[in-house]
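Given the sequences, and given the hints that come with them, work out the whole structure.
2 protein chains.
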Amino acid sequence: MKVLPRFLRACRSEPVDRVPVWLMRQAGRYLPEYRKLRTIHPFLEMCKTPALAVEVTLQPVERFGMDAAILFSDILLLLESMGAELHFDEQRGPRVRCEGIREGAVHGLRVPDMDRQLRFVLEAVKQLREALPEDVALIGFSGAPFTLATYLIEGGTSRTFFDTKTFLYRNPASFHGLMGKLSEAVEVYLLAQIEAGAQAIQLFDTWAGILSPDDYREFVLPYMQRILGGLPADRAPTIHFSLGASTLLDEMKSLGAGVLGLDWRIDLGVARGRLGPSKPVQGNLDPLALFQPRETLRATVSTMLRKGASMPGYIFNLGHGIHPQTPLESVYDLVEGVHSFPVAGTAEGLSV
Amino acid sequence: MKVLPRFLRACRSEPVDRVPVWLMRQAGRYLPEYRKLRTIHPFLEMCKTPALAVEVTLQPVERFGMDAAILFSDILLLLESMGAELHFDEQRGPRVRCEGIREGAVHGLRVPDMDRQLRFVLEAVKQLREALPEDVALIGFSGAPFTLATYLIEGGTSRTFFDTKTFLYRNPASFHGLMGKLSEAVEVYLLAQIEAGAQAIQLFDTWAGILSPDDYREFVLPYMQRILGGLPADRAPTIHFSLGASTLLDEMKSLGAGVLGLDWRIDLGVARGRLGPSKPVQGNLDPLALFQPRETLRATVSTMLRKGASMPGYIFNLGHGIHPQTPLESVYDLVEGVHSFPVAGTAEGLSV
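First to last, the protein sequences are chains A and B.
Each step along the first sequence adds one to the number in our numbering, with nothing skipped, and position 335 is 335.
Each step along the second sequence adds one to the number in our numbering, with nothing skipped, and position 156 is 156.
Any given hint might turn out to be false.
Said to hold, decoys possible - Straight-line C-alpha distance at most 27 Å; calculated DSS-like pairs for lysine-lysine:
#	chain 1	residue 1	chain 2	residue 2
1	B	36	B	48
2	A	307	B	253
3	A	253	B	253
4	B	126	B	48
5	B	279	B	253
6	A	48	A	181
7	B	253	B	181
8	A	253	B	307
9	B	181	B	48
None of these hints come from the bench; they were simulated from the model.
Note that the structure is a prediction, hence the values are computed from the model and not measured.
Structural data, given as structure tokens:
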């Protein structure tokens, strides 16, 4: 009988033999084998060439024994397929251009044809499912509509999100129109990834934490509920991640996401206590804690495991993407620390 | 018999005739009279010339009828007086230099001599107390040690606070040494402001919200408790403000600050419920909500007042500093909305 990968078991609050672990941005610049490929291929070429995307996705799994692989891609590719112009500036980061968007002109954006415009993503997902060992789960993902909207409106990242907020405050109807269009695209995109073989889905609503709870409930929550309600959770569990959004924990509970990804600003024990045993949780080590000396890091990881794995449904991860300068030894130590942590009273569940 | 300004009454959870209001950065670039002065005088000159600092501090009080004035100054002036180099770059914002600080060399920093090095601050405070009407309270302030430490270590503002966090993770003992030195200076500085006539004190720990609760408890909390414990709360109530720190609400409760300033990421009703009637609260409108159309803004302010003023001890404010592009009409509307809000059952307390 086939054993479900422990990552997927944890997503369903089922017993596991060890705590599953993966790291956001685990395929990335802190890896020498990644940097080597990047000297030859620009970032977007790597995303759009299935063989390269597959190779990079597998790198951290092969090196560290991660329990899940997340498709190497970028949340902004969906915007490009919808009609926005996209390029990556080495200095300034990603730049997005979409004519008329600040005036509320949503008609320039179209729900993409997956097979024509995002075929490379679906192809990479298919190849990855063949390449990955059976016990390593494949996670597909998308940016969530609000976070995608911020990139469209700001043209990149922002400190204050001035343009996004003045847009939604001054033209709430246009903002809702934009959210509706983006939600359609996100749902189609995620369904296509599941169809191609993604076994779980992570929705990155990285910037939703800039909103007050009232604004979140008005401008974000209904769209997330609609998207999450339209996905086949029985086939592919969903994970919701947002940065600095631990104050929105009650709202997050009602999104309909299977698993909640937390950043490091909330105590994992407190979060599990507030969310209860029926809500699996993923997180939440500060990525910069990987710069701690070895012994301190071990102690930090242990403390986190005692809090996180106090009930079933826990996936170890960072509270945000891993930093490009992270020492490799810390990642080895972290994965070893997680995998050697004794999970109480669950051994009998393993051969199910 | 003298009536205590309503701002100070609210700081003590005493009954008020109307809800007091002031805005963080209320003396600043959104005011034409401020911009006019700035065309003649550089920012630091304005801070260091008592007559100018006084004039600018009074501007929003005179224009809008604010219930409190906050001394026009900058949190980084304390660092300069301690030995750091400071300049304001029009493009990049404040730049701080302090030789050897990243190597943990705290000895270059000294607790300043108030009378010699920060006389201009104390002089402005004195003049302000004479210039202000009796019913308008004067707030002194300082950056809190952690936030000051981030500027010293990063050399300015930061998105990820990489240098600060890797410093504290790798050299916790040096970081504690730095916090100790900064705490001494902050306490002396605040005592001198109270001595000169400040009627309340706000401690800005703007960046403390970047820390996990465990790290906050280890690296920040004890220093805040020490400073706040050393101030004469009966003479000058204390307000603690931090950005994105609503997840640290339980920790904030134990700081010893009289009033908690909240950013917009927590619902004011939820916060008051969790903190209880004995903890006065200040906040927390998203500064960018001042870009809402008039009718929407009025409704937003009403909703906030119903939540905030549901129990005594509420001061209306923004959740962060006012944005330089804020329309003046919005500020007029806001202040009028707050002052016309009926405060239930407190009229008998007014002639105390």
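Enumerate the violated hints, using their earlier numbering and listing them in ascending order. none
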